[in-house]
Each structure stands twice: as structure tokens, then as C-alpha cells.
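J.: Working from the sequences, and respecting the hints, build out all of it.
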Amino acid sequence: MKKIFLFFLFVLYAFVLEADEIPIEFEYPAIAGDFYVAGTVFFPPLSVPDPDNILVIDKSTEKEVISKITVIEKWPDGSILSAEIVFPASSQRKTRYAILYGDKVRRKKSFTDASVLPTISFVVPGAGKTVESMDVSVGQINVRVDRSASIRYWWYLLPALILIFLTILRTLRTIRIQRK
Amino acid sequence: MQKKFLDRYRETIFKGFASNRGIVNNISSESIEYLQETENPCMETFYQAIIDFETKKFVDTEKPLVGYFCSIVPEEIIIACSLHPVRLCCEDQIWTQAGEEVSPGDICPVVKSVCGKFYSGFYDKFEIVVVPGTCDPKTKLAEMLSPLIDIYFLDPGRDADYLKNADIWERKYRDFFDFLKKRFNYSAGRKELISACQKTNKRTEIFRKIYQLRTKNPDAINSFDYYIMIYASFFMDIDLWNISAEKVYKEASAKEDKRTCGRPKVLLAGTPVIFPNFKIIDVIEKSGLSIAADIQCTSFGRFYNPVEIDEETESGLIRALTLKNIAGSICPCLLNLEKMINLIIDTVKKYNLDGVIYYNLRLCQVFDIQTAIIRQALKQENVPFISIKTDLSKEDTGQLKTRFEAFREMLEIHSK
Amino acid sequence: MNKITITRRIFQVVSLILLVYGAYIFKEWKGSYETEQSFFPSLQAPAGKISTTQFEKGSILWPSGATPVIENYPPSLVCRFNPKGGLFKACILHFFSENLTWQTQIKYLLPYITLFILLCFIFGRMWCGWVCPIGTVGDFLTFLRRKMNIPLRRFPQNFRMNLSFTGYGIMVIALAISTIIGMPNFARYQCYWFLPYCQICPARLICPMFGLIKPNWKDFSTGITTTFTILAWIVLGLFIAAFYFGRRVWCHMCPVGLINSWFNKGAGVELHKKAIKCIKCGYCADCCPMGLTKMYEMNKDGIYNQNACIMCFRCVDVCPREDCLTARFFGKRIQSKDFFRRTKDAKKIP
Chain A
1 MKKIFLFFLF
11 VLYAFVLEAD
21 EIPIEFEYPA
31 IAGDFYVAGT
41 VFFPPLSVPD
51 PDNILVIDKS
61 TEKEVISKIT
71 VIEKWPDGSI
81 LSAEIVFPAS
91 SQRKTRYAIL
101 YGDKVRRKKS
111 FTDASVLPTI
121 SFVVPGAGKT
131 VESMDVSVGQ
141 INVRVDRSAS
151 IRYWWYLLPA
161 LILIFLTILR
171 TLRTIRIQRK
Chain B
1 MQKKFLDRYR
11 ETIFKGFASN
21 RGIVNNISSE
31 SIEYLQETEN
41 PCMETFYQAI
51 IDFETKKFVD
61 TEKPLVGYFC
71 SIVPEEIIIA
81 CSLHPVRLCC
91 EDQIWTQAGE
101 EVSPGDICPV
111 VKSVCGKFYS
121 GFYDKFEIVV
131 VPGTCDPKTK
141 LAEMLSPLID
151 IYFLDPGRDA
161 DYLKNADIWE
171 RKYRDFFDFL
181 KKRFNYSAGR
191 KELISACQKT
201 NKRTEIFRKI
211 YQLRTKNPDA
221 INSFDYYIMI
231 YASFFMDIDL
241 WNISAEKVYK
251 EASAKEDKRT
261 CGRPKVLLAG
271 TPVIFPNFKI
281 IDVIEKSGLS
291 IAADIQCTSF
301 GRFYNPVEID
311 EETESGLIRA
321 LTLKNIAGSI
331 CPCLLNLEKM
341 INLIIDTVKK
351 YNLDGVIYYN
361 LRLCQVFDIQ
371 TAIIRQALKQ
381 ENVPFISIKT
391 DLSKEDTGQL
401 KTRFEAFREM
411 LEIHSK
Chain C
1 MNKITITRRI
11 FQVVSLILLV
21 YGAYIFKEWK
31 GSYETEQSFF
41 PSLQAPAGKI
51 STTQFEKGSI
61 LWPSGATPVI
71 ENYPPSLVCR
81 FNPKGGLFKA
91 CILHFFSENL
101 TWQTQIKYLL
111 PYITLFILLC
121 FIFGRMWCGW
131 VCPIGTVGDF
141 LTFLRRKMNI
151 PLRRFPQNFR
161 MNLSFTGYGI
171 MVIALAISTI
181 IGMPNFARYQ
191 CYWFLPYCQI
201 CPARLICPMF
211 GLIKPNWKDF
221 STGITTTFTI
231 LAWIVLGLFI
241 AAFYFGRRVW
251 CHMCPVGLIN
261 SWFNKGAGVE
271 LHKKAIKCIK
281 CGYCADCCPM
291 GLTKMYEMNK
301 DGIYNQNACI
311 MCFRCVDVCP
321 REDCLTARFF
331 GKRIQSKDFF
341 RRTKDAKKIP
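Residue numbers (the numbering used here), protein chains in the order written: chain A, 1 to 180; chain B, 1 to 416; chain C, 1 to 350.
None of these hints come from the bench; they were simulated from the model.
Among these hints, one or two may not hold up.
[Said to hold, decoys possible] Restraint ranges, calculated between C-beta atoms of paired labels, are given here:
(1) S146/B / I6/C: 46 to 54 angstroms
(2) Q103/C / K104/A: 26 to 34 angstroms
(3) F330/C / I243/B: 43 to 51 angstroms
(4) I173/C / K349/B: 53 to 61 angstroms
(5) D155/B / R328/C: 36 to 44 angstroms
Quick reminder that beta carbons are idealized off the backbone N, C-alpha and C, glycines included.
T.: Here's what the structure looks like:
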């Protein structure tokens, strides 16, 4: 019974909702007034099933900012690979923004039609290049996205190894029973 | 009623073929007085069937009769060919003495009594007799009977290992099936086989109910009636047997709660008990034990396993029959002593029985040989065990009774 | 037919329907963002410019103008039915092959692999006996043979052993090809050699038939496609023959089953034998669709899980002795304890 409980814990943990944050950087332009900040962000597979799972937050207030998200590409499993994110900012209020994504978050504020405003592009620190980092190979997509929280994936190694260990243990037991 | 039946039976055999031989039968009605309290009115069909059989009416059927021995021979194939199977195993002292005229005295009593029945012309309606080569006396019996009647010899081999022999068995059964079809010019296929298997499976179902009822309360259907039912199934039409046995079961299970069995329950294993030779049952019941379960080839070995149909093709059905009849057989002629020991221990533990009586009919060596090993195995499991070796005569009844009474006292001490 | 077998048949049919028609049935599930892209967008290659189906014919990458062999819409690809892009990927060989070619980083595959290991750890090779769509089709072929009264062909033990070695050989070759074409220098071979096993897998030809879609069953445009086409035909023929004359002979060499079988002996679903109840009647070994005999041979109590076992529980079903063979889940019985189960079912003959 203890074992079964343990495994259900694993299952639960595998499906637990997660959210990750990408800080973004841009330079405030010299112009005064409102402008759009735009850029393409890459997401790891199966992290963002829906564009509504991406939102932009104001780091100073921790509140959601209105945004427009256009899906550019998808992973073969249907989750979003890359999306163009556009959100308004103002030179009067110089604050920092970040992108939040994952199944935990849900976008509420969105806009579709952009008014005519100057647009500047943002960069994602750590990711280095944006568009250049996509290596399109032949036939199937061959995309390398460096920007992601690795720990989100590597922890799966733990249950996998435990399960393999248990499998080997039980297999040895079965073989021992059958041989005797 | 049982007593009445025995009187009728006695009258019948004296009128019949035994009369000119002046032999007395060994049926005793002593234990019947005890059993009478638990008799079942629905048993009349079986009693009547036995009386009819003894008056050479055999069975009420137009179908040709096919005689056979042992549970190794597949009844289902015989039924599928629209024939009437009659199991000829017989342990009657009358016919044993008749048989001694053509066979030596120191051989298997079954062979002697069968020879007696055939040579005195009692069995004359059979088209063919199927003799399996399970044990040595049976093999020679085939040769002894061949001047009188057509014989089909079916040799399953002595190794009951499925992996080695399944294909051989299947071929042998198929040959038998083809032979019957050709001999009686009847085209039977899998439909007939399936319906035959359904009949025997129905019988298995009823038998299992009765068996389980008796393990709980042996007096619900007393051992006399139980063995009468077993004997009647040798020659009765299988459908009729199913219906009548179901009636008996219903009657017994309705009254079940009122009766309790205070006597120690024992398991009777070993040589099969066939109707007129009820000496061992009489003695056991009289000495205060009750037979709650049995592991014998006439009853348990023949009825307990259903035909598990996995493939409904003709070859699949025949294979299923080989598995039920040969691989699952408990016949001591085959290599299956471990299975026998396991069965005894399992039955005793499962139904909380008090002890095991192992019955050896004198001159049946295969049962006798394995007694020591079974005793040893049961000693390890701490199951009380007694082995009895006796013959068809009634001379040692008193001696047996003393031994069983001692055994009963031992069981009572053991259970405390 | 008995309880577990009836349950299994129902489960198989439901799984087949779900796998083949699931995308039609649950089309409401797909997100709003997918609506305008395709009828079954989640099963398409990534949106945008990269897709197997959108190469320009005659280009260097797609030289002969050949159409891709693997279609990207259901029901042809039941092997990777995943309506909302979740964790679930059915066919593990498809998964490994495509990711070796794409050279996906291992960390992104870890969730899939962990789920696969978890499922295998709990259920062992139950996939083959209970879900696998072509296994269901094969069982139907076996059913037809039984109805047509054609005797079962029993294959010897070492033949079945050799089949599994063949399966491992095919698996290694398929994965090696997938790895090689993933290398940049060999990228131009991707259009022909992509998913090499899937191209000859009988599921590719059989499953579309349920959706009344004609699979890409012949392609003689180049030498490689011709080879693959003929191989696929041969494999399909072998598949049909194996299921029609034997029972589950094919499953001995199915690479997916072989991967699953590594987990079988340690699986949570245990097959248990109580030796004292056994009367060695051999029904269990006789009915085993994979032709296994361990449950018959074992002379002591214990788990008799075997590598090739597809967990169909047929042996548990036909055992005439109650409590002898039992199915357990982590040591707990999952089987009904009805004494008359056997004989009741024995009346109803399939």
C-alpha cells in the first residue's frame, strides 16, 4: 500500500501545474509617451499548451499587463514553441517587465488591434540570440531553445531512476522465485 | 427407502443372471439404518436406473451402446458421435467369482468382475468396448475380451506431462473420434463436440455444488446416496442424470440448515468405490466417521474439472478433452503422485477436514505402492492419515471397524 | 468465454475506437487557437513553415517530388494521438525514432520517458494484450480462424525465441538509421528514411482503413521508397499470416512489445501461482496466446511473470482450480473469488 501511495504521488507530481518566469530587457527609448514592446520568445515543449498561458507582468506591481500574443510555431505535441509577444509600455513609468508562462497562469488582459505606436524589441537575457537560435533542419523541425528552466525537466530523472531501480529490484525477486 | 432399494436390488439380482450361480452379494443394510434419517426422496430416479441396469434393460435409449473403462476415455467424444457411453468398471463380488472361471484369482478385482459379466453374457448389447491402456490389467483385459466383442484400445501413455505429450494425446483422441465416426457412419463435427462438452460441463457444475455441500455438511446428501449417484452416472443418460442430480441437490440444500454433522469429517482417497462394494462406506459410517469429501477417479477425478474451451475448432476441442481427461487425471497409473498429494492436502485444508482415509483395494498395486509416500507427505503437513487395505469379501468388517474407531478417537484427540 | 477475457475484449474494442476515432470524437477538446489552422491541428507538424507535407517538390530536400509516407492526420497516425499536446505518446518506438532524428535534448524527453516507465512499471506489457490496435485486429483474425474451424498452428519454443531476436535486430537497425539521419551530414536522407520502422509497420497500413482513408500503400518513385513499399507489404503479409494461423506469434517480434517486456517481471500486475492447488492439467499453457509454459512448469508458490507475457490473463481465466492462478496488483488480488465462476462460465462457450 505504501508503494502504491508513493506512485500516485509521483503521478500527481508529474501533472502538477507549473509556472516559469522569463525576465525581459529593453532600453527605454528617448521618445516620450507610450510605445509597444515586441519580441519573440521560445518555450520548451509541453510547457505552454495555449497562448492564454502566457502573460506579461509588471515587476514593480506584480500585476498583469495587457498583451497581444501571436503563436508562431508549435511543438509536434501541440504546445507552443515560439510566440510573438507585444505589450504597451510608457517612458513615464520606467519599470521592469517579465513574461510568465505555464499551465498555472491564465491571461486575462489581451488586445488584438494595435494602435499606431512606435515599437521597440526586447531581448531575453541569457537566451542570447532570439531568432538566430532556431536551427531549422530538414524534414522535421530541429529547434534548439536554450532558454528554459532546466530543473523543470531534470527532476523527472529522479522518479524515472527510482522506478527503474524498483523495476530491477522486483525483476530480480521474480527471477529468484522462478529459479529456485 | 434406501433399505427398500437394497431389497429390490437383491431380489433383482437373484432373479437375474446371478441366480444360477448361487452367490450371495455383499450388500449390507446395517449402515443404512443410520443413514436412513438423511435420505432424499429425489433419489428414486437413480435407484430405478440401477435396478433397470441390473435387469439388463441397461438404458432407455435407441442409441448404440459403447462401453468404456477409466476416466481417460473421453465420454464427450462418444456422446458427440450420438452414442451412449456406459462405463463398465465394476467391483461386484458376484461377478468376481464368476470371472474367476476365466481369469486367475490373483488379479485386479475389476478385471475379474468385468470378465465375469462378459463371459456370462450379461454385457451383450455393446457395439464396441473402449479399453484404455492405463494399467497392466486393463491392457490384458482388452485381449481377454477381444474374442467376445469389438475392442478399441486407447493408449494414452504413462507420462501425464502436458508439454511432452499433448500432441500425441490429441492425435490419439482424433484417431478415436475418426474411428467412431467411421464405425457408426455418423458425421460429427465441432458442433456436436461443443454440445457434448456443454453437457459434461453442466454435470461438473452440479457435481461441484453437491461436492461443496457435502464438505460443509456430509449428511445433507449421505454417502450412500452420493455413491449411488456416482454409480448411476456410469450408465444413465447424461441429461437425465443432470436433471435428477439437480433435484437431489435442491432437496438437500433446502433442508441443509436443519442438519448438523457432529462426527469427524474425513476425506476418502484411493481406489474408487463402485456400487455393490459399499463395504468401506458402511464401516466408516458405522464407526462414527463421515465421508465429507473424496478424491477418487470415479467421482472427483471424472467430474470435478470442466472442459475449458479455449478454441472452438475441432482440434482445439479435442485438445481440451485430452487436457481434462489425461493431463488433469488423478489416475495413479500415470506419473502424477505429487499432484495427488497436493490435492489431498489442499482439500483437507480448504474444507477443514479432520483426516484422510486411504483405501486400497487388494490387488490393485498402483494405489498400494504410493501409500507410503502419501503417508510421509501428510505426516509433514500434520494431517491424520490411515490406510486401509481390504478386498471385496466381508470377512474383515469387524477388524476394519476397530481400526476406524481407533482412528476416530485419534481424530477427536487431534482436533482438541 | 470467461470474465476477464470478456472484459479484455471490451477494453480492446473501446481502445481501438478511441485510438482511431478519438480525434473525431473529442474534436471539441482542441483549443480555440487551433481552430483556423486545421481540422486536426494538434496532430499536424508544427505550424508555420516546417512541415513534412509542405516541402516544395523537386527541391534538394525532397528530390523526387515524393509525398511523405507517414501521413500526419488521424486515423493514420494512431501511434501519436495527443489531442492537446499532453504527455501522452502511444507508440514508444515512434517516439524514440523521431526524437533521435530531431536530436531533441534528453531533458525535454524526460517527462515522456518517466511517464512511460511509470506505466510500464505498473502495467507491464498490458499494452499489448489490452490496448494495442493492431493486436486487436490480429485477435479478430484469430477469431475468424476459430470460426472457420482451422486448427491452430503451434510454433516451437526456439522459433519463438528467434522471433524475439529478430525483433531486437529490427529495433536496433531502425533506431540506428534514425540516429544517423539526424546528423547534419545525412540530413538529406531524412525524407526517405525518417521513421524507418514506422514505414514498414503494419499499423501504418491497417489503422487508416478504419477511418476509410487510403494509406500511402504504394510508392514506386525511387528505389528506397520501392524497397520500403515492398517491405511493408511483406511485413503486412507476415502479420496477417502470423495472427491468422498462430495466435500472438507476431507479438514476439514487435519492437514496441519488446521494449515493454523489459518491465514485465517487475511489473505491478503480478501473475501468481499457488503450486499446491495445481493439478497440472495444462490448460494454462495450452491457451496462452504467446505460447508460454512457465505457469505450467512452476512447482512452487510465486510470481510467474514472464518477459513475453502480454498480461491477457487467459491462463487465470481457464484454470479449472479456484485460487490456483491469480492476478494480483502489487500483491493484492484483483480477481473475483466466486467459487462457481468457472462452471458458470463453462456453460457459455464462445
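J.: Take the hints in turn and mark each one as holding or not.
T.: A quick look at each hint next to the structure:
no.	hint	result
1	S146/B / I6/C: 46 to 54 angstroms	holds, 49 angstroms
2	Q103/C / K104/A: 26 to 34 angstroms	holds, 30 angstroms
3	F330/C / I243/B: 43 to 51 angstroms	holds, 46 angstroms
4	I173/C / K349/B: 53 to 61 angstroms	holds, 55 angstroms
5	D155/B / R328/C: 36 to 44 angstroms	holds, 41 angstroms
In this structure, every one of the numbered hints holds.
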